[in-house]
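Visitor: Going line by line, the protein sequences match chains S and X. Okay, so the first sequence: first residue is 564 according to this note's numbering, each after it adds one. Okay, so the second sequence: first residue is 157 according to this note's numbering, each after it adds one.
Everything hinted at is true.
With a Cα cut of at most 25 Å, we get these calculated BS3-like pairs of lysine-lysine:
| no. | chain 1 | residue 1 | chain 2 | residue 2 |
| --- | --- | --- | --- | --- |
| 1 | X | Lys281 | S | Lys844 |
| 2 | S | Lys672 | X | Lys186 |
| 3 | X | Lys279 | X | Lys387 |
| 4 | X | Lys174 | S | Lys672 |
| 5 | S | Lys633 | S | Lys786 |
| 6 | X | Lys183 | S | Lys672 |
| 7 | X | Lys387 | X | Lys281 |
| 8 | X | Lys279 | S | Lys844 |
| 9 | X | Lys323 | S | Lys619 |
| 10 | X | Lys174 | X | Lys187 |
| 11 | X | Lys174 | X | Lys186 |
| 12 | X | Lys230 | S | Lys696 |
| 13 | X | Lys184 | S | Lys672 |
| 14 | S | Lys696 | S | Lys786 |
| 15 | S | Lys672 | X | Lys187 |
| 16 | S | Lys786 | S | Lys796 |
| 17 | S | Lys696 | S | Lys796 |
| 18 | X | Lys174 | X | Lys184 |
| 19 | S | Lys633 | S | Lys796 |
| 20 | S | Lys610 | X | Lys323 |
According to the in silico footprint, chain S covers these stretches of chain X (three or more CB under 8 Å from chain S):
| no. | region |
| --- | --- |
| 21 | 282-289 |
| 22 | 314-322 |
| 23 | 452-462 |
Just some of the chain S residues that point at chain X, by a computed CB distance under 10 Å:
| no. | residue |
| --- | --- |
| 24 | Glu572 |
| 25 | Phe594 |
| 26 | Val684 |
| 27 | Asp743 |
Treat the hints as calculated values from the structure; they're not laboratory data. Keep in mind it's a predicted model, so treat the numbers as computed, not measured. C-beta: ideal position from N, C-alpha, C; glycine also.
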Amino acid sequence: MLLHRTTGERIVDAILYALLTLAALSTVYPFVYLLVISLNETSDALKGGLYLLPRKFTLENYAYVFQNGKLARAALNSVLRTVIHTVLSVFFCGMLAYVLSRRAFIFRKLFSFILIVTMYVSGGLIPTYLLIKNLGLMNTFAVYIVPGIVSAFYVLLMRTFFEQLPDGLVESAYIDGANDFRIYTRIIIWISLPVVATVALYAAVGAWNSWFDNYLYNSRNEKLAVLQYELQKMIQTVETSSSEAGESGGAVRIISPLTIKATLTILVTLPILLVYPFLQKYFVKGMTLGAMKD
Amino acid sequence: MSMKAVSNVKTVTTYSRKTLRISLFWKKIKKQQVLLWMSVPIMLHLALFQFVPLWGWLMAFKDYHIGQNLLEAKWIGLTHFRTLLGHSDFLQDLRNNIVMNSMQLVMGTFCAVALAIVLSELKSKGFVRVVQTMTYLPYFVSMVVVANIFVMLLSPDGGLVNELMIKLGWIHEGIFYFGQAKWFWILHTLIMTWKGFGWGAIIYLASISGIDPGLYDAAEVDGASRWQRVKYIVIPSMIPTLVLLTILDIGYLVTGGFESQFLLGNVINVEYSEVISILALRLGLNEGDFSFGTAVGIFNSVVGMTLVLIVNAIARRYKTNLF
Chain S
564 MLLHRTTGER
574 IVDAILYALL
584 TLAALSTVYP
594 FVYLLVISLN
604 ETSDALKGGL
614 YLLPRKFTLE
624 NYAYVFQNGK
634 LARAALNSVL
644 RTVIHTVLSV
654 FFCGMLAYVL
664 SRRAFIFRKL
674 FSFILIVTMY
684 VSGGLIPTYL
694 LIKNLGLMNT
704 FAVYIVPGIV
714 SAFYVLLMRT
724 FFEQLPDGLV
734 ESAYIDGAND
744 FRIYTRIIIW
754 ISLPVVATVA
764 LYAAVGAWNS
774 WFDNYLYNSR
784 NEKLAVLQYE
794 LQKMIQTVET
804 SSSEAGESGG
814 AVRIISPLTI
824 KATLTILVTL
834 PILLVYPFLQ
844 KYFVKGMTLG
854 AMKD
Chain X
157 MSMKAVSNVK
167 TVTTYSRKTL
177 RISLFWKKIK
187 KQQVLLWMSV
197 PIMLHLALFQ
207 FVPLWGWLMA
217 FKDYHIGQNL
227 LEAKWIGLTH
237 FRTLLGHSDF
247 LQDLRNNIVM
257 NSMQLVMGTF
267 CAVALAIVLS
277 ELKSKGFVRV
287 VQTMTYLPYF
297 VSMVVVANIF
307 VMLLSPDGGL
317 VNELMIKLGW
327 IHEGIFYFGQ
337 AKWFWILHTL
347 IMTWKGFGWG
357 AIIYLASISG
367 IDPGLYDAAE
377 VDGASRWQRV
387 KYIVIPSMIP
397 TLVLLTILDI
407 GYLVTGGFES
417 QFLLGNVINV
427 EYSEVISILA
437 LRLGLNEGDF
447 SFGTAVGIFN
457 SVVGMTLVLI
467 VNAIARRYKT
477 NLF
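Same shape as in the complex, but just chain X (with noise of 0.2 Å):
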């Protein structure tokens, strides 16, 4: 008798307990409808433009046609991803992706860590910064201007680079310098450099500025000279920033890239511009083929979130290990 009451209080008290939360919820929500009105139009909006599309990728593992419907087209499972997998221009524009990548990587973080040094041992504040406010300059300009202004400085008929090599003799008529397909690898890395140089040595002058004074004076102190300087205190000061960035710039190696190489590309350098991304364009929509275009942009996605990731991962625990 007593145990069958206390089980029935037992269950009237989770019962109210639950209604209770219900309850409390309904009056949180109630209370809060005003940020509720400002935040979920929003979140709808996003979801349909971020998330929806997700749902196209059925395509990559269907038989679709343009004007078909996606739910009735036909299985065909992994079949485009094998066709991909063995795809000539695919394997060429991995090749490009990485390569150009890694190029433009090692030669941008050079270059703002080189001028980030030199900014920093020099004297003179006022010239110190005329230069980073023109350095700057290229990293806002869109990167439709950098190539119109490239192509037109690198042209064979008229073009200033050309001109002035035949001025100086060393040439006897203009070079077409985005015609020499196996030059474009060295020309995107140091355009890209050129457009993100300045602005990339920003966070490693501002490590270099978190140095502790007190330092200098010491190495002074011991007799340390310029150089010794900026090699046991400058440099060490930028390690950690400069791991960091690295690592977080990895997630990009394999997809990263496109704008660029869509601007700077043409039909003579193709096999060296062309990259993924383009590539899916290319057979996608221009070629029409939108199941087998899709599988190239899964890749590519895939790929580049699980790189990012694993590099986020990665970085997230190194700068708690850092700091």
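The shape of chain S in the complex, shown without the other chains (with noise of 0.2 Å):
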């Protein structure tokens, strides 16, 4: 807009490029350390001293997380449920979605404000585990899939993306004899790719770095830990000795390597960052598109 600037909006300019060029660096630069201090030896590494390069290199650190048993399990039930949770999330989200954006459909207004109620009223945290207690859902890996199952949320975002699909794609396909189940799993879910990347990749991110559910239900249970867990009880080990209102209590003092815990810090976040083109563009338009709900 301006041709020429004057020195004085130069200075600005200079001022504003540094003040950002410290905001990025100050939230990207944590993990950088964090993944120098992975890649080198851990003795060496205890010395500190360690900014931008490892001084030792090694991969030892990662080795033993993969070959650590438990670690190497808790990263397969993490994989797994984030792929089944999305999956899952995606398909009966879509389906109730599918079934609510047909304006014919009988139960259309009392489901849809079902569904939104569900998004207000929570029975809270001890009721909820009463009722997963009851079920036979404690210490399962069905847990970490089957409560969270359908999101209100989710729901609303692909359904008001079915609505604003043409009518006659539907009907066209009712005169070739299709039902709706039909319709909606070959054709609805194929062409709505935008909406159900936007939902799958939400979920998927979600169901990653979830760990309550770990912590509450399966504790008792170590070979259904997931990743985020197994990092949540390294978090307070080296600081305190008991962690509060954690089960482990006590006053045993162990203390998990510095370059351990910067290595799975390290692969928990990785994962994230390998989606993190398809995050930017899709978050962005659930957030436009739930805002649109309104």
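Using the hints, put the two chains back together into the complex; each one sits in its own frame.
Guide: Take a look at the structure:
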């Protein structure tokens, strides 16, 4: 807009660039720092002074994590819960969304109302805990999948999208003799890629990042631990002997090596980085779609 | 005679209309049975996991112990809620809730708005994109990872922050930041702002990009300085979004928060880090007082839901007034 700038404006610009660079580095540097530590020899890393590059490069920390049966198992659990949750969540939320997008559907208003109520009403921690217990879901893998399969937010996102599809699409499929389930699984879901991708990413990031259900329901069965939970258990073990409200209790001072903690943190962050370009694109889309429903 | 005939006709028609409606309803059900098969099981699933737990709210009004039949437990009315309102931990946690959420709201909003303004002022689009990409990152990373990062960075032995401060000669030995109870609110606010400000800026950037370019041209013709342009065009363009988002956030001021406080808190800073949801977990599950824990949970749900509903109503009115 401005053809020539005054010295004053140049100085302001320089300050702004500097500030932004600082902000950007402050968000990224902690990850770099951990990466450096994770790539350094353990005993050497304890001496400190590692900032930008590993001093004694090694991959043994990563080898340790992958060879450690417990952590490898946790990684597998994390991947499994993420994949299963994402697939089922997209499929079932999409199915409900399709039904609610059919204007002639007899319970359209009623079901939509109930769905929206679930966004506001929550039984709370203890009643939910007791329900899970009574259903026999404690210490099962199913507890990662079953309770959270349907989310009102995802259903509303998908319904908004389906409603914008041309009506003729479904009508002509009816004429060809297809039923609604076929129309949903063979046509609708495949032509709704943007919203499917958005919901899939939301669901995947949510599932990958969760740990509290593990803490609450599955902490007695080590075989069901997920990576985030393994990491959570490490947070305070160095600082304080027992964690508040934790079941671990006691005064056992377990020191997990600095480098292992760093390695695990990096490994848990890595999948997020891999899908990052898509995340940026579709999360923003989800936010704007979500805003539209009001 | 004729009167009777008329009334007869009337009953016949209403009767047949009713049957007609019922038969139409069943016809429709039959016609839409595939849609019903597709949706009813999902609705039942939602009812099971969202509404059945509400049944457990009875616990808060009864003297319930584990292993007992909930229906047989003795009614004690509002006793638990009365105890709750006088419970020192509860009042302390309520304070922590309100203070930390308010600090986070103010600081987070300020940084997001500032970032959006600065980003919109720069001409180099490539640089802007890189900065955005970098500042979004912590938003997607789990709170567990974020808590781990900061506990490591601020660790008293070998943490980067202490290491640098010792090197610079500012301090002689490492400070245990999370061991200073009174610093918790500030640390928590800084960490949560770090996690969310890049993402928070998106929505403000959207409102800035919605500004009519003609306004900028007009301002330039009038000889407005850069600061005046920001003050009179850019900031006012963000006000509606700012007000709307702040109103919506107020719904969470009293009851919001759990994960970050749970992960960053420890035994030393518990007085300043514990929030109401953590109290419900501690009393209910770890100390086994299901009834009292549920009462705490109900307070949280009811106050939270009421605030959210009020605030949504206000926001909706505000929005319709706006557009």
